[in-house]
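Please build the complex by placing chain B on the supplied structure of chain A, with the hints as guidance.
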Amino acid sequence: MSYRERTIPPEAINLIGFSLLEPSGGMHLFSPTWLNVWEASLYQKAGARAGRERWILKRFGVDDSLLPAQAIRKTNYRDWLNSMSDASEQAMAQLGKRGAFRLRNEKNVLLYIDSWGETSVFETVNSWRDALSVDILPKNIVRDYGIKDFTGKIRGERNALMNALQTAQDCLNSGLADNVIICGMFRNIPVLAFSEIAGLAKQRGGQQDHHCQFSIERIGCLILKKAPGQGIALNISEYFPLPATEAAQKLNARWQDYIGTNTRQVFSVAPPSKALRQLQTQALETLPSQIEHLILSEYYGDSGCLNPALAWQHLLSHDTQPGHSLLNVLDGEGGAWLLENWSQGEQK
Amino acid sequence: MKEPVIASGWGMNSAFAADFPALIAGLEGQRSISGKPWFATDGEWQNLRLNANPCTVPDEPPIRSGIDRIREVIDQALKMAQLNASDLAGKRVRVYIAGSGMRGDVGDFIGYLDRNDTEDLMFFPQIKNLHAREFGQDRLAHTLLEAYSLSWPPVSLYCASNSSLAALHLAQSTIAGGGADLALVIGWTQMLYQDIVFLGGLDMLGPKQPQPFSQYSDCVMPANGAVALIIESAQHAANRGFTPQIAISSSVCYQSGAARGSSTFSADFRSIAQTLERAILAADLAPEDIACVMPHGNGIISSDKSESMALQKVMGKNAVPVVSYKGQFGYISTCSGVLDFMVACDALMKRRLLPMVLNYPTDESLELDLLVTNEPRPLAQRNILKSGLGIDGSVIAMVLSACEENLHELS
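Chains as they are written, first to last, in my numbering: chain A, 167 to 514; chain B, 129 to 539.
It is worth saying that the hints were derived from the structure and are not from the lab. The model shown is predicted, which means the values in this text are computed figures rather than measured ones. In this text, a Cβ means the ideal position worked out from N, Cα and C, and glycines have one as well. Just so you know, not all the hints are guaranteed correct.
Residues from chain A shown here face chain B by an in silico Cβ test under 7 Å; the list is partial [what the hints assert, rightly or not]:
1. Q260
2. K263
3. G265
4. R268
5. E272
6. G283
7. R321
8. N329
9. N339
10. E362
List of simulated lysine-lysine pairs, DSS-like, C-alpha gap at most 27 Å [as the list claims (entries may be wrong)]:
11. B:K441 to A:K416
12. A:K368 to B:K256
13. A:K240 to B:K256
14. B:K130 to A:K273
15. B:K256 to A:K273
16. A:K392 to B:K130
Now the in silico label distances, taken between C-beta atoms and shown as ranges [as the list claims (entries may be wrong)]:
17. A:D375 to B:M250: 29 to 35 Å
18. B:S193 to A:I174: 42 to 48 Å
19. B:A217 to A:K211: 34 to 40 Å
20. B:T271 to A:S190: 38 to 44 Å
21. A:E188 to B:E495: 52 to 58 Å
22. B:D412 to A:P488: 44 to 50 Å
23. B:R406 to A:G191: 53 to 59 Å
24. B:G239 to A:P488: 26 to 32 Å
One chain only, chain A, in its complex shape:
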C-alpha cells in the first residue's frame, strides 16, 4: 500500500503543557473479602472478562497504617485533590514564566474530567466545599490561574478525555478561548471499576492468563493552544462503530486511512478486557513492520478515562524524533476514536 505524508490539518490544536501524575505509594494486590460479598462477586466477574487472575491497584491517598485490604478501599481524597494542583503547576511550568503570565491575561477555558460523575459519596468527603470541588469543579485551579471565560465538567467512563479534547478543539477553533486547560483524574473505586469491566462484552473460550491486571489511578493536566509550531499537534480525526464480525480487519482498514509516510507509531488503549485485547493485538499485528505499535493501557496499566493521555506521556518521554503517530481509543461501547499526533521532536 502506498502512503502519503500526513500533514497537520488547519483544525489541529497544540499540546503545550502536559503532566500526568501517579500516586507516590506502592502497588496493592486487591483481595476480595466475605465482608463485602457484592464487591467480591463483581471482582470475580471482572477477572473473567479481563482474562486476569489478579488485580493490582495503585491508588491516591492510601493510609499505610491501615490493614492492606482496608487501606486500598478507604483512601483519602485530599491526596488526589492536592495532586491535581501539582499536575497543573507542572503543566503550567512548561510554558515558562512569560508564557504562564501571558496565559493568565488571555481567554481561558477549564474542562474538568472524571469517569464517574459524582464520587463524593464514595470518597466520604467531610465538607460541602470539598464536595463541590470533587463533584463539580476544582475551585483552586480556577482561582490560581484566573480562568474566567468558561468552566465545566465533562464525564464519561472512557470517553471523558476524548470528549474534552473535541470540546477544546471547538473552543480554540471558534475563538471562544485562547487556551484550554483540561484537568482530570481517574479514581479506581473498586466496586465501580470491577462492575464496569464485568459489564463488558464476554469472549467465549480461552483461559485466564497468569498475568495480573494493573489499574493505576492517574491525575492529568493538559494545556492546549491554537497557535501552531508549539508542542504536539493533535487532531481528533474520527469516531466509528466497530462491526460485530471482522472487527480487527475493519479497525486496521480505518487505521490505514490515517497512516502516512511520516507515521512512526500506532498506539491503542482500551478497557481491560480479554476480547478487546485480542482485537487490538490482531489489528496491530497486520501493520507495516516499520511502524512501532503498543497497547499503552496494557503496558502502563489501565487508567479509565485518562488512558489516552498515556500516548503523550510515552511520546514526551521516549520520542525525540519529529513524526506522526496515531492513537486508537476503544471506548468499551463498541466504538473507536482515532486521534492523530504530530510531534515536533524537541521534547525529552
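Below, chain B alone, put in the same frame as chain A:
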C-alpha cells in the same frame, strides 16, 4: 465574521407539562403545580438534620426511563425544527447532554457500601444498583449515537444549575465560529436522594411552595424533567429552506471564581452585572432595546437579591419587566436555563410576555418590575435577556432576538 446562530426547534417534558405547547398553555392558564413532601415519614428528614420535609414535584405516572424522556424531547425538537433524525448525522453536528447524567441512587446502597452479605443481597436487591451501569454515561451517549446515527458521541457536560445554558453557550460559540452547522442540546434532571441531601445541606429546600423574588420564601421546589433544543447556523437554515424566528444575538459566560481572593461559590452581583452588560454590548444593543429579562430567579433570597442588584445597575430601577416561572413549574435544576430560553423564544414569537403566578407577595424593596398582573404584556422591543447562575460560580447571559423577514439582518 461570526456566523449568525438561530434557534429552530425545542421540546420539553416534566410533571407540569408533557410537552412545550402544554407548558405554554399552563402558563397562559396561570397554572401552578403543587409539590409533595419528599420523605414518607418525619423521622427520615429529621435523621438527616434537614430543616423540614422538602417540598418537591413528583413525576406523574407512568414513570419513564431517562432515555425515553430524552428521546421524547428530541423528537419534539426535531419536529418543530422540521428536521429528520437522519439530519443529526454528520461530522458538523454537535450533541451535548447537560446535567448530572446517569447516577445510582445513593439511598439504595449507602448503608451497604462497605459491608454486605448474601442475605443482604437477597433481602435488599437494590444494593446491586451499586454498579457501573447505574453510572454509565458512555452507555447513554452510545445509545443516542446509535439511535440518531451520530458521527460523534454526545458530550456530557455538568455545570450545576447552569448545565444546559453552558452547553448552549458552547454550542452557540462553535456554530458562530464556523466549527459546526447544527447542534442539539439535551438536558435531563432526575432528582435523587443525594440531591435532596446536598440541597438540604445548603439550606435550599423548604416545606412549602417557593416564590422567586419574595422575602417570604427562601427555597426551591426540585422537579424532574428533560429539555432539547436545536440551534443551527442561519446559512444552514437557509440552505434547507427553514425560516428562522429566533436568533441568539450574543452569549457570554463568566466564571466568578477566577476573581483574586474569591472564596465564595456563587457569583456576586458585580459579576452578574458585568456579564449582563457584556451580553447586551456583544449584541450591539443598549439596555433600552431589551423587552424583558428572564434571570435565574430560583427563589433563594440571597441569589435573587444579587440578581436584582445587578439588574438595577444594568437596566435601572423598575425599568424592564422581569419574570421567573420557577415557582409555578418547579426547579428543574440543570435544565432550567434552556427551559427558560424556550419560554423566552415563545414570548418573542408571540410578542407578549406571560405573567407569573404569585404564591406569596414579592419583595418590593428589590425594585424590579415583576410581571404579576393577570394579563400578558405586549412586547415593544424584539430582544430578551436570559441569564443563569450555577453554584460552580458561573454566570451566563444571552440575548435572544426576534428575526425579521430578512436573514441578512442577523449578520
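In ascending order, which of the hints set out earlier in this document are inconsistent with the structure? 1, 2, 3, 4, 5, 11, 15, 23 and 24
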